[in-house]
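Peer 1: Sequence:
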Amino acid sequence: MVTIESEPFVAARRASFMTQDDAAAACGIKARQTFALREDNPRDMTLGNLADIYEHMNESGRKLLRDAVAALFLP
182 MVTIESEPFV AARRASFMTQ DDAAAACGIK ARQTFALRED NPRDMTLGNL ADIYEHMNES
242 GRKLLRDAVA ALFLP
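Everything in the sequence shown is counted per the working numbering, starting at 182 for the first residue and increasing by one.
Simulated from the structure, these hints should not be mistaken for lab results. Virtual Cβ for every residue (Gly too), placed ideally from N, Cα, C. Heads up, a few of these hints could be off.
[What the hints assert, rightly or not] Label-pair ranges, simulated between beta-carbon atoms:
1. K244 <-> K211: 27 to 33 Å
2. A251 <-> Q214: 25 to 31 Å
3. M182 <-> S241: 27 to 33 Å
4. P256 <-> F198: 25 to 31 Å
Turn these sequences into a full structure, and let the hints steer you where they fit.
Peer 2: Here's what the structure looks like:
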């Protein structure tokens, strides 16, 4: 099983100056704690969650998120 590190996803969120509360709201997760658990274990994050968060990111965050997702499929 491939390990998916949370750091690139956290870096993308932070580059967009988004808090966990902001990101949770962007993807329709009601509790920050639920989002935090998903962020700590990116395997639990859905593509829909990532797409929703991506829409609310600035260009720096978007690039980092694209790179993080691409690294999963193109190591």
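Peer 1: Could you run down the list of hints and mark each one as holding or not?
Peer 2: Hints, one by one, checked against the model:
Checked against the hint of 27 to 33 Å, the pair K244 and K211 passes, with Cβ atoms roughly 29 Å apart. Checked against the hint of 25 to 31 Å, the C-beta distance between A251 and Q214 comes to roughly 29 Å, which is consistent with it. For the pair M182 and S241, the beta carbons lie near 30 Å from each other, so the given range of 27 to 33 Å is met. The supplied range of 25 to 31 Å is met by P256 and F198, whose beta-carbon atoms lie about 29 Å from each other.
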